[in-house]
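Turn these sequences into a full structure, and let the hints guide you.
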Amino acid sequence: MDKNRRNFLKGAAAAGGAATFVAGYYGPLEKMGKGLVNGTSGKPTSDRLHGNSLAPEYTIDPATGEVTLNPDQRMAFTVCYGCTTKCGVRVRIDKNEDKVLRVAGNPYHPLSSDEHLDEQTPVLDAFRRMSSFKDQGQLNRSTACARGNAAMAQLTSDQRVMTCLKRTGPRGSNQWQSISFEQLLDEIVEGGDLFGEGEVEGLRAIRDLKTPLDPENPEYGPKANQLLMMEATDYGRSALLKRFAFNAFGTRNYGHHGAYCGLAFRMGSGALMNDLAKNAHVKPDYTHARFALFIGTAPSQAGNPFKRQGRLLARARTTGELEYVVVDPALTAATSHSAGERNRWVPILPGTDTAFAMALIRWLLTNEGYAKDYLSLPGHQAAQKAGELGYSNATHLVIDEDHHPRAGHFLRMSDLGLVAEGAEDHPVVVSADGELVSSEAVDGARLFVERKVETTAGEVMVRSSLFKLRQESMRLTIEEYAEICGVDAGTMRRLAKRFASFGRAAVADTHGGMMSGAGFYASYSINMLNLLAGNFNMKGGSAKGGGSFNGVGKGPRYDLADFPGKVGPKGVFLSRSRFPYEKTSEYRRRVEAGESPYPAKAPWRAIAPPILTEHLLSGLDGYPYRIKAMIGVMANPMYGQAGLTSLLEEKLKDPANIGLFVAVDGFINETNRFADYIVPDSVMYEVWGFTGAWSGTLTKMTTACWPVVEPRQAKTAAGEPVCMDNFFIELARKLDLPGFGEGAIEGKDGRMHPLMRAEDFYLRAAANIAMTGQPLPDATEEDIVAAGVEPLMGRIKGTLAPDEVGPVAHLYSRGGRFESMEKAYAGDKLGNAWTRPLCVYNEQVGTTIDSYSGKRLTGTPMHHEPRFWDGSTLREHYPASDWPLLAFSFKSNLMNSYAIGLERLRMIKPYNPVLLHYRDAERYGVDHGDTIRIESPGGSVLALALVGDNVHEGAIGIEHGYGHRELGAASHVIDGEERPGNPYLGAGVNINDLGFSDPTRKDGTATWLENVSGASVRQGLPVRIQVVEGLTT
Amino acid sequence: MDTIRRALLGQIAKLTAGAALVPLSSVASAGMNDQPPRREGDPEKRYGMLIDLRACIGCQACTVSCHIENEAPLGSFRTIVSQYEVAHEDTGDVATFMLPRLCNHCDNPPCVPVCPVQATFQREDGIVVVNNEACVGCAYCVQACPYDARFINEQTQTADKCTFCAHRLDVGLLPACVESCVGGARIIGDLRDPNSQISRMIDEHRQELMVLKPEMGTAPHVFYLGMDERFVSRPDARPAIWDVRDQKGEEVGYEFGSH
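Those protein sequence lines, which keep their order, are chains Z and A. Throughout the first sequence, residue numbering follows our numbering, covering 398 to 1430 in sequence. Throughout the second sequence, residue numbering follows our numbering, covering 3 to 261 in sequence.
Just so you know, the hints here were simulated from the structure itself, not pulled from any lab data. Quick caveat: nothing in here was measured; it's all calculated off a predicted structure. Ideal Cβ positions, reconstructed from N, Cα and C, are used throughout, including at glycine. One should not assume that every hint holds.
Claimed, not checked - Derived, one-sided and incomplete: chain A residues facing chain Z with beta-carbon distance under 7 Å:
#  : residue
1  : 55
2  : 57
3  : 95
4  : 157
5  : 170
6  : 173
7  : 176
8  : 184
9  : 186
10 : 228
11 : 248
12 : 249
Claimed, not checked - Taking beta-carbon pairs under 8 Å as the criterion, some of the chain Z residues facing chain A (in silico):
#  : residue
13 : 445
14 : 530
15 : 532
16 : 543
17 : 1328
Listed below in structure tokens is the structure:
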């Protein structure tokens, strides 16, 4: 046996309750003798041998493979809400009880299947191919993960909100009464003295599109902006929510969980991909990549898309050719001992990933370890000639002196006075023979340029993008980078060399680990490794993916984007983002008063998207302006944003700060417990919607969701389920808003159609998707029966035109629309390419002014320590002598932020002991299993220490998803009856309870946010620990 | 922590391919040692499972889907994946080791002869089952199993265990755990069919396959690929901590069942 396989078992059963498996016979022994001579005292099983196992959903003839459906069950394809991957699933339903029995993967779906079936495959054929007939179902599987399996418990949970609730005590007192949907609508629209606490302004009064909310600062927009909309994420229904918010009500303010999820990653990626509007990102083409660096992400442990990455990674290391390294503070499931030399874990200190990436960049740039030919391509024409799908701005020249009016911009032909009237103003590059030429005029250009150039505004120093990157990377030596990130310099050199040796089949991948005080540039620098490798759009490289079919735009059948009376929202976002401070009235006033406009009162982040991390406190504190009402849909920032609860809770409790808080949710969480009203929402399998694909899914796809079981919660007077969609439809109608009610949707034939119920919207979106391009064929009767679409047919026929019925039934019978596998590749390239010029230097970043210092941001990746708003570093405020350890969170492979209510996950992993390195344990006198207090500048938590070699020394790892106070953990009184909480749902710790406020924010009420993006900082929180005596086992 | 929670996983030993597979050809339905004759099931088949640990991502999809499919009581498992932290002796590199566990459907199952009422028996296709109508819940079989693969179901008060989802295999469907295996690690099939995926993989990897506790002479029919033989001899693992604590640090115990 290979000596590399000589290992010893080091630590513990870190997951998967070995104990409980072993413990199986412990309790029952006591019951011996209670049974009868024949048979037992227990409940008889439904089958002699198979016990209470479920009846099979269909059977297969072993000779022919013929499928016979079980008449008591139906299968249906829809989406899973078990996490934000949003996999397509096949749901098995007991017809008689309308009860979900179990779920598995949708075989047509790329996020669930090894190789997804062509959508032309008849449904019964697909079922056969999921069976054991000729081993087909295991040669090509379509799966649901543990959480996806367990999540069906949401449907029947006794913690579900089933009726419309109105608070009866003060905010947050957990006392409620049930009211009718109609009363709820009436109260929130008209306002009044709703709680005996004084007048509350209703939504009708707030919806004012004419009156400026602040005449002193007209750019803030109209009063309607004082409604803040919050959403967890797009589970396929955001289009309807946004139609209400932006285009009917007319508020500017909408935020989702992104800013406390992975925004720093997304923006760093957006900077590289030249897409700061949508922050596109890539994932490796796992199947063909030869070498991968996973930094701050752990595919197969967690991440998006979870199953797809996990499956492809498992296959690539088992039967494929992939070798990979996971660079992460914690040991995760992504590093497999069984897969031997194919993979390795390199521990790193939390929040120091930039140092690691910049060290690699430095090595690559100083050892010719980059894709020279590719990077030398200066423009579109050169790329085409070279047979490339895209190019970068590596050779473009940046005007690099502040005195120049176009400082930070690329030198363009017009700067040289050389652009002809009407011609495109291309960037300037230096040709092989040293001439300044248009980027479209040559096939190759010099990569490293630093020289003076005479421009129309005088002489100025210009540097090529790649020169600037090299300059940044060389500010520190590899040894200095090693000192910062805790990864040995030799290891980094070897990894850089290995990475370079695989050429364009080497990839780097990152994700939520970037939520540090340096996250934007960390992500930008890691993504830069892909650009230096030249792997974008390459088979085995970085893949943006195929994207999705859009049903909610100006579709081929129905216009779901525009409608008569549509409002365009106006004004400054509450989060002060996507709007430069320099354009505000405030800035102008300060300049006019002769004072320095910097620092601004609070951050204005010109290139960040609207961010929920700032919305709430800004709206309650009144800068830039106050909000009067808030509607949250499944949103839970008080669990998700580090340090928010302690800053927000008291403010939110006071109705004087915000008059109205309406939540739409199936459950009471840490945030909506402070709501004035809760609208019961449908939960997964009861919802409509269309979800898209995560990046890296190589083929185009859209998942169709529909209520495959009847929603269980209250109904409206009209008999429709009270849920998110119907709430906004009825609310809009009551407010007489455009875009809802009669005549709200225009058909291609010019006829107007109503939007009175959820399906009026979603079925028309389905028609748009089904009829896009080459329309889908009609579903066969057999497909309709096999895929359980029968219950939907009445609504399809009643809503759509006759020629749309068959294709839409086909779409629902496959659970969506999916491009076939063969579109994934085109030769040695990916089938779906990202063709925008990639940014070694991002001009938009490099010309953005930091609202504290008034200085331009650095346009390339750069190293800086985790820092606060004023630029001072973490350690200047919280030195290592006081706060020696750095806490970080990592995603659980079972639990997520809202899964704690799922008992089948709790039974496997009931708790999250924190990871502590054995040398730190020794240092602080901690034994394995001790209770420790973890204290940060913002709070403290108690946890059990899992001591081992499973985390970088100096770091403390907290698995995310535990430490809840709600979602079933707390008791609530509803209609005078106590609904008791389950204390087991509150077990464990939540890293966000260790979050703290930015000590340099003058407004004093902001959590620590990364400067460029506004992303919540949770990786690398300074902490100290001590053993708590008396609680030690 | 009580002793049960400190208990180790089953010991593991390397099994040469020969030892693992010889019984296949010879045992069939004949009684082995004191085994009663096999009955019911398809005599033409011998089911087994191969678990390719290289492809296991430890996601527990098998655990949960099995639990739902077979309606196991909360806190009791027919299958589960244990996860270990393993360090490399020479380099110090640390990695994760996954070990999915279930009934081994042994060719010489120690659980069968100990049953006083012959409720537990082996089908001719090798699947070890329990007749719930006959089982008296005495738990002799639970104690006899060296793999801790059985438990007394607190609802039915009968012995409960993995059946390879015989109710699904019998009608041409895959066991829940195999169907749900995200990494594609679990492979079930008929060992008597030379063209089955499992037979082909056994042929290809014969020298690398291992079973749990071969020294017990049970001839397990769950084969592991990617098993580390150093893992084999009585791993001295400390258990992970399952003393569930609330946010005040107080022990609240395990929520499900009496363990």
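Going through the hints against the structure:
The interface hint given for residue 55 of chain A holds, since its Cβ lies 4 Å from the closest Cβ of chain Z, which is under the 7 Å cut-off. A least Cβ separation of about 4 Å between residue 57 of chain A and chain Z falls short of the 7 Å threshold, and the interface hint therefore holds. Using the Cβ-Cβ criterion of 7 Å, the hint placing residue 95 of chain A at the interface with chain Z is satisfied: the shortest such distance is roughly 6 Å. Given the 7 Å rule on beta carbons, the hint for residue 157 of chain A holds: about 5 Å separates it from the nearest Cβ of chain Z.
At a threshold of 7 Å, the smallest CB-CB gap from residue 170 of chain A to chain Z is about 6 Å, leaving the interface hint in force. Annotation: residue 173 of chain A was flagged as interfacial toward chain Z, and the flag holds, the nearest CB pair being 4 Å apart, inside 7 Å. Because the closest C-beta pair between residue 176 of chain A and chain Z is about 5 Å apart, less than 7 Å, the hint holds. For residue 184 of chain A, the suggested interface contact is upheld, since its CB lies about 5 Å from the closest CB of chain Z, less than 7 Å.
With its C-beta approaching chain Z no nearer than about 6 Å, residue 186 of chain A sits inside the 7 Å limit, and its interface hint holds. Proximity of residue 228 of chain A to chain Z holds as hinted, the smallest CB-CB distance being about 3 Å (cut-off 7 Å). With a least beta-carbon distance of about 6 Å to chain Z, the hint placing residue 248 of chain A at the interface is held under the 7 Å criterion. Interface hint at residue 249 of chain A: satisfied, since its Cβ lies 6 Å from the closest Cβ of chain Z, which is below the 7 Å cut-off.
Interface hint status for residue 445 of chain Z: upheld, as the beta-carbon distance to the closest one in chain A is roughly 5 Å, under 8 Å. Among the interface hints, the one on residue 530 of chain Z holds; its C-beta lies about 6 Å from the nearest C-beta in chain A, closer than the 8 Å criterion. The beta carbon of residue 532 of chain Z is positioned within 8 Å of a beta carbon in chain A (closest approach about 4 Å), and the interface hint is therefore held. Interface restraint check for residue 543 of chain Z: the shortest CB-CB distance to chain A comes to about 4 Å, inside 8 Å, so the restraint holds.
The beta carbon of residue 1328 of chain Z is positioned within 8 Å of a beta carbon in chain A (closest approach about 5 Å), and the interface hint is therefore held.
When each numbered hint is compared with the structure, no violation occurs for any of them.
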